[in-house]
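> As a plain string of letters, each chain reads:
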Amino acid sequence: MKQYKKVLLAVATALFVSAPAVAESLRIGTEGAYPPFNQIDASGEVVGFDLDIAKALCAEMQVECTVVTSDWDGIIPALNNNKFDFLVASMSITDERKQAVDFTNPYYTNKLQFVAPKSSDFATDEASLKGKTIGAQRATIAGQWLEDNLGDVVDIRLYDTQENAYLDMSAGRIDGVLADNFVQYEWLQSDAGADFEFKGEPVFDNDQIGIAVRKGDPLRERLNAALQTIVDNGTYETINAKYFPFSIY
Amino acid sequence: MTWAERWALIERFLPQLWDGTLVTLQLVGLAVVIGLFFAIPLGLARASRHWYIRALPYSYIFFFRGTPLLLQLFLVYYGISQFEVVRKSFLWPYLREPYWCALITMTMHTAAYIAEILRGAIQAVPPGEVEAARALGMSRRQALQYIILPRAIRIGLPAYGNEVILMLKASAVVYTITMMDIMGVIRTINSRTYQYELFFLVAGVMYLIITLVFTQLFRLVERWLKVDASRQQR
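So the sequences go chain by chain: A and B.
Per our numbering, the first sequence starts with residue 1, numbered consecutively.
Per our numbering, the second sequence starts with residue 1, numbered consecutively.
In case anyone wonders, no lab produced these hints; they're calculated from the structure.
Quick reminder that beta carbons are idealized off the backbone N, C-alpha and C, glycines included.
Among the clues, some could well be false.
Stated by the list, open to error - Here are the computed lysine-lysine pairs in the BS3-like style, where the Cα-Cα straight-line distance is at most 30 Å:
#1 A:LYS132 with B:LYS88
#2 A:LYS118 with A:LYS98
#3 B:LYS88 with A:LYS83
As the list claims (entries may be wrong) - Here are the computed distance ranges between Cβ atoms for each label pair:
#4 A:ASP148 with B:GLY29: 27 to 35 Å
#5 A:ALA42 with B:VAL85: 24 to 32 Å
#6 A:SER170 with B:LEU91: 13 to 21 Å
#7 A:GLU24 with B:LEU201: 31 to 39 Å
#8 A:LYS83 with B:LEU71: 23 to 31 Å
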């Protein structure tokens, strides 16, 4: 009888202990070159606002998550080819992208704003921009906004990473950079950005950022529910405050 | 998406694709011609009997063959532009432009390979022919001009044609410094249409067509210079 109880106890313990081990696991996809939203730190780990949000969502959904990085312009095919399960990479929700993937509710909202050297008299009306060379990251809203609105006015340079656009502005190859103002804000805080500043008002402020999942994936609803929870319970606010002195939701 | 829709999409982007093709052709064309020009003294020096003449071209070739073109491109474009001295110099109006950076890097890269092709070709000229020329009373210079170089060009031509095609494919990295070559245009189109498979396929076909044209051109030149000696005898 004692033996029997022991076995029962052992089985119960095994079940209890192994329960978390068989918990569902999901893969977070991100880029890793878009500070402060996602970047690779000195130890090689991917960190940033996107990752903090993604991990909070994983905790809320009680799943184990691992992080997978991908180049930006192959990131949607990577999602669709099942390299990861959901994409938290500061991706704007657009009609074109909606044809390829599904999006959750926006987890933050974005504005596009020019940055240029403090010493330059850079105005953002079309007449002043004429003939200027403007950099942006390829395959971003900023790059497409430039092509659609200023394609005939300015000389557009498209970069594979945001960092390279800044590098070229520092070198004096381009007159200004158009990008998400959060990203610009972060760079302006750095040593490299010390001689630069925002120019003009945001030129576009309806850029909603969502989490992408494969088309028809029920994961979308779970992410939406988890997102709502972390917004309601203050987790979101805590993460937000870690990065920006203003609310970006 | 049906094939009719795919064609319509390709047609919509034809002007950009054409512009990209011109950029690629221009860069490759100029690089392999200017590269050849630089490679002749390099290759001759590389084939020298004296170590102190060989040393410099050897180091140059060693560096440019031993590192990836992408790295060389980044060194020229992002690397040297970080120095204030460079930005203040008379070279900056050129080094400022991605076009010049791409052309300079590709030219230096291909010159190293062509020089090595030329060295091999010079050393492959049968020694008997050189001795015959000298025995006929030709000076060293005359032997080089009338015997060695014309023979070396015929020997090296197929390898040079190969190098041109290699450069065509290698040129696909210049989009990383904002050049709108075939690859740059394709990636920009992809970022809008998300038709990756379609447009990468289009890019593949475009490179294949250019390669086909290049190989045919080189076949004509080879025939004109009678490179294939076995055919000549018939």
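> Hint by hint, note whether the structure agrees.
Evaluated hints:
no., hint, in the structure
1, A:LYS132 with B:LYS88, "holds (20 Å)"
2, A:LYS118 with A:LYS98, "violated (38 Å)"
3, B:LYS88 with A:LYS83, "violated (47 Å)"
4, A:ASP148 with B:GLY29: 27 to 35 Å, "holds (33 Å)"
5, A:ALA42 with B:VAL85: 24 to 32 Å, "holds (30 Å)"
6, A:SER170 with B:LEU91: 13 to 21 Å, "holds (18 Å)"
7, A:GLU24 with B:LEU201: 31 to 39 Å, "holds (37 Å)"
8, A:LYS83 with B:LEU71: 23 to 31 Å, "holds (27 Å)"
Figure legend: structure checked against the earlier numbered hints; hints not met, in rising order: 2 and 3.
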